[in-house]
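Residue numbers (the numbering used here), protein chains in the order written: chain A, 44 to 439; chain U, 1408 to 1712.
Check the hints yourself; a few may be wrong.
[Claimed, not checked] Some residues of chain U that are not near chain A, with every Cβ distance over 10 Å (derived):
id, residue
1, Thr1550
2, Thr1651
3, Val1669
4, Gly1699
[What the hints assert, rightly or not] Coverage of chain A stretches by chain U, computed from C-beta distances (three or more under 8 Å per stretch; other residues unrestricted):
id, stretch
5, 85-99
6, 253-265
7, 288-297
8, 306-317
9, 387-401
No lab work stands behind these hints: they were computed from the structure. Glycine residues also receive a C-beta, built at the ideal position from the N, C-alpha and C atoms.
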Amino acid sequence: MRALALALGVATIAGCGDDGRAALDGGVDAGLDAPIDAAPPSWPFALPAGFPVPRLPPDQRLTAELAELGRYLFYDVRLSANGTQACGSCHLQARAFADGKVTPSGSTGTVLRRNAMGLTNVAYNPSYTWASPVTRTLEAQALIPMFGKHPVELGISGHEPEILARLSADAGYVARFAAAFPGEAEPIAFGNVARALAAFQRRLISGGSRVDRYRQGDLTALTDAELRGQALFFSEVLECHHCHGGFNFTIATDHAGLPSQEPHFFNTGLYASYPASDPGLWEFTFLEADRGRFRPPTLRNIALTAPYMHDGSVATLEEVVDIYARGGRLIVGGPDAGDGRTNPNKSPLVNGFTITVEERADLLAFLRALTDDAFVADPTLADPFAPPPASPQEHP
Amino acid sequence: MSTRPTSALGATFATLATLTLTTLVACGDDHDHVHVDAAPPDAVVIDAPTTQAVAIRFAAKVGGAPFACGQAYAGIGTSAASYVGADFRFFVSAPALIPAGGGAPVPITLDVNANQTADGVALLDFEDNTGTCQTGTAATYTTLTGTVPTGSYAGIAFTLGIPADRNHLDPALATAPYNAPGMLWAWQSGYKFVKIDGVVGGAGFNLHVGSTGCPGTDPQQPPTGACVNPNRAAIALTGFDAATDTIVADIAPVLAGEDVAVNTAMTAPGCMSFPGDPECDTIFPKLGLPYGAAAAGPQLLFTVP
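Chain A with its partners taken away, still in its complex shape (with noise of 0.2 Å):
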């Protein structure tokens, strides 16, 4: 089917002397001519098979170096104030860069209130946070962990010269920065910082699920369970692909070549009225409607981010479908009881609707073989500061 595609954009190609027309196709054909996971000429890594180019801000560029330095700085803890943490403290590669709890403690020990998002296709996001329409770049992202106080994550404000000095007195640090920054008298300060650690989390990139794999011809990389569920997912009976469709299972998925940069919010009915402490999207609009509106997450390795939502008071995937088939979340007793089915702002496409026990095992299958097992394995993203694992006995 590549192979016909490509043909039927040469054969509009072909007409007499175009005008306008090769830039359509021009784009199309690009990607399908492109060899399997070779970097494209605008993007210096490896991207699987079938996905388009993720968008770079006009004003940063991404390298080797970048990365490579921004993986150091990702899992060193001595990048927070008191040397606890790292960024990789609550974003654990294992788990898609999601860390298993239902809402992580910063470096002094202040309680999150969201639960810290897996990383996985980051760069392909058109916004960053839970529920923030302005911060629309990994660089912008980096600064609130960085330096924020309500909550303190890493804690740097205050501790700025310390800290810095760390990172100058380390031989490798101040190579890995030349390296990163040609040409700048002083690389090493914040800003390159934020910057090193944006690159290194566009290429958090995962396209190798046993989906993708199927996707891409192999018919025996899903088993019929776990096909029957892929259907359901795609039915517009439980309508679970208008938020969650796409290459990237989100429609919050920003690449080069789309028109706009457009973020999108929805409330699920979690809650019949949201918790006053976080409001999602309100918080930046004011507007009632936007009321408990979040980010829809994408859905790839979803099976290793549990718990879910974006308070993570959902503890499984299991729990997560049988919301979605209610309709909104019950929930009885306590200081939030209610039906978030009765939320008025919940998205008209959280409707409801009845499977069978055998059709739900099914569809969590589906769910389940998005999974990425080499994205969680892969060594290049992998904590250069962990042990390496024990080499395997030598027998002469």
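Use these hints to put chain U onto chain A, whose structure you have.
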């Protein structure tokens, strides 16, 4: 120009006519300018006015009132429900003007931009991603622009939908407007040709029109053959003058035979084209499309007031 003698001007016209003919024979295309490279030095180069620019204005309405995200419209459907606008987008293709003297429609060559393609497909977009509109874009697009051969026209024809050979592009790699958020079902089924959504009493009543019965076992692959129900409506509107008229797309007459406050359990909220959804029974015929046992009727979505 004023310094050129009349005879030289006439000679240039003659050259121009010959070159124009050559161009047409060679390419059969519709270049709007003929560039006379062979003209002698300092000759007057005259652009032959063989084509004219055209702008086709559309307006989206609900029961005669302009569509707006979050706006409530009273009296919609058989239960005269209050219907809140939540999306209003549709793809058109193969736009053509109908000559005033009759004859075959003359294709409009669309300008190429983020909403229009060189292959004659355009996305018209009346939602601005505010309020109840949550799956769209801030930008709107309401006027088709392009060129047609110079002439006198009295009507317009277009297809509501995307042609089959462009409907199943790899969605991850497709370029604008084929990558518009919210307009894709899946690779196998292609695009939502029409996405006109409303909220009634807190529940969605969504009209999604697209091809169904697209064969294959994997939603994330292109179909293995032609879709059983293409669901592309051919629209023709007479009495249309692009210079003065606006084409109105009003969803209220299309919904008039349905109770939009009710949705059959275990079917899509509203009408999403797939077989066996009772909410489509009266809607599809009013789009000029058959649905199950219901035959196509005259389309009621588009009018030229």
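Status of the hints after comparison with the structure:
Annotated as non-interface, U/Thr1550 keeps its C-beta farther than 10 Å from every C-beta of chain A; the closest such distance is 16 Å. Separation of U/Thr1651 from chain A is adequate, the least Cβ-Cβ distance of about 29 Å exceeding the 10 Å criterion. Distance check on U/Val1669: its Cβ is at least 13 Å (rounded) from any Cβ of chain A, clearing the 10 Å threshold; non-interface status holds. Chain A leaves U/Gly1699 outside its interface by the beta-carbon criterion, the shortest separation being 15 Å against a cut-off of 10 Å.
Coverage of the stretch 85-99 of chain A by chain U holds. Counting CB-CB distances below 8 Å, 3 residues qualify, and the rule asks for three or more. Here's how the stretch 253-265 of chain A fares: 3 of its residues keep a CB closer than 8 Å to some CB of chain U, so the rule of at least three is met and the hint holds. Look at the stretch 288-297 of chain A against chain U: 5 of its residues bring a Cβ nearer than 8 Å to a Cβ of that chain, three or more, so the hint holds. A stretch counts as covered by a chain when three or more of its residues have a beta carbon under 8 Å from one of that chain; for the stretch 306-317 of chain A and chain U the count is 3, and the coverage holds.
For a cut-off of 8 Å, the count of residues in the stretch 387-401 of chain A with a CB near a CB of chain U stands at 8, and the three-residue condition holds.
Violated hints: none; the structure is consistent with every hint.
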